[in-house]
Amino acid sequence: MSPQAADIRAFSIALGDDALVLGQRLAEWVSNAPSLEEELALANVALDHIGRARMFYGHAAEIAADGSDEDSIAFGRDTRTYTNLLINELPRGDFAFTIVRQFLVDAFNVPFLTTLAASSEPGLAAIGEKAVKESAYHLRRSRDWMLRLGDGTAESHDRAQRAAEELWGYTRELFEPFGAEARLTAARVITDRAALEDAWRREVGATFVEATLQVPQSTWSIRGGRDGVHTEHLGYLLAEMQFMQRAYPGQRW
Amino acid sequence: MSDAMPLHEVPLYEVFIRSKRGLDHRHVGSLHAEDSAQALEYARDVYTRRGEGVSIWVVKSSDIVASQEGDSASFYDPQDDKPYRHATFYKVPDEVSNL
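In the order they appear, the protein sequences are chains C and B.
Just so you know, numbering that gives the first Met the number 0 puts 197 at position 198 of the first sequence, and the rest follows in order with no gaps.
Just so you know, numbering that gives the first Met the number 0 puts 42 at position 43 of the second sequence, and the rest follows in order with no gaps.
These are computed hints drawn from the structure, not numbers from a lab.
The beta-carbon is built from N, C-alpha and C at its ideal position, and this holds for glycine as well.
Negatives, chain B to chain C, calculated, CB over 12 Å: (1) 18; (2) 22; (3) 86; (4) 90.
Label pairs and their calculated CB-CB ranges: (5) B:76 to C:209: 52 to 62 Å; (6) C:128 to B:20: 17 to 27 Å; (7) C:33 to B:17: 25 to 35 Å; (8) B:25 to C:135: 22 to 32 Å; (9) B:87 to C:35: 38 to 48 Å; (10) C:114 to B:8: 43 to 53 Å; (11) B:8 to C:239: 31 to 41 Å.
Excised from the complex, chain C in its bound form (with noise of 0.2 Å):
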């Protein structure tokens, strides 16, 4: 594998983890969700997720060439080689904070999306190009929550500026490239996602206003996803999710 070749496979895992563990959260809403049309709704919206993660994952098995695959990506790495940002691996929390989370994420996935479906790398720009007009429909779901919650009840509206505030230190991750991925972008084999910034805080910003809510002053940002140094939450997640492969290794159905 050429060092080109490695970055390649390090970014589709990054982004692979992305997806799997924000449909995995996504999906611990089946059987708890306010009505079953909404219920239905975020189902489908983490199945979109967890195909992505596939298609990442498969991308990467095939650049290693090394006998890996999906499931062995998936099921068979322990929180210190997950590479997801911090923000995806967060507890659900209440409805508002699941609406706000998908938003500011959601948020960033169309304009990123949308420059990886033209990288020079012809597997990344499919995914790209397949995964954008999902999250363009994921956009589109969350950003009339936003309006619904923050301009609905007293309640709605408090839960959604407290779940703003919780998360914000979180968004500043989206912008920050890793190693592989800066040196994939200083090749011009992908963009940098740095200069998305401006354009999201616009996105955000018009849409916070809209639904009445206050864009979040606070200044202070974690970091440490794409480095393999998560929050205590991601440990239990994948423990729940890897249970079935760890108690019988390579079993299939």
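Model the placement of chain B on the given structure of chain C, informed by the hints.
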């Protein structure tokens, strides 16, 4: 939460989907939603996950005016003794090949 709608008061919507261009919209089921925009979004998630449709209509169930079971005698029975209202009443002459 005093101004929130309890779940049982969330309006019911009927969903109609056109599966292909040229076909009619068909009733596929119903769902609860806060308003018509949300009903449309939910209809997409609940009824078109497998690519069933090209067009969705939603309409509030309460806006549908339906005939009553008890009215069926006066509504439909008088038509039974007027067979000439049906195309099958008429014999097609042999010379007519494309009708």
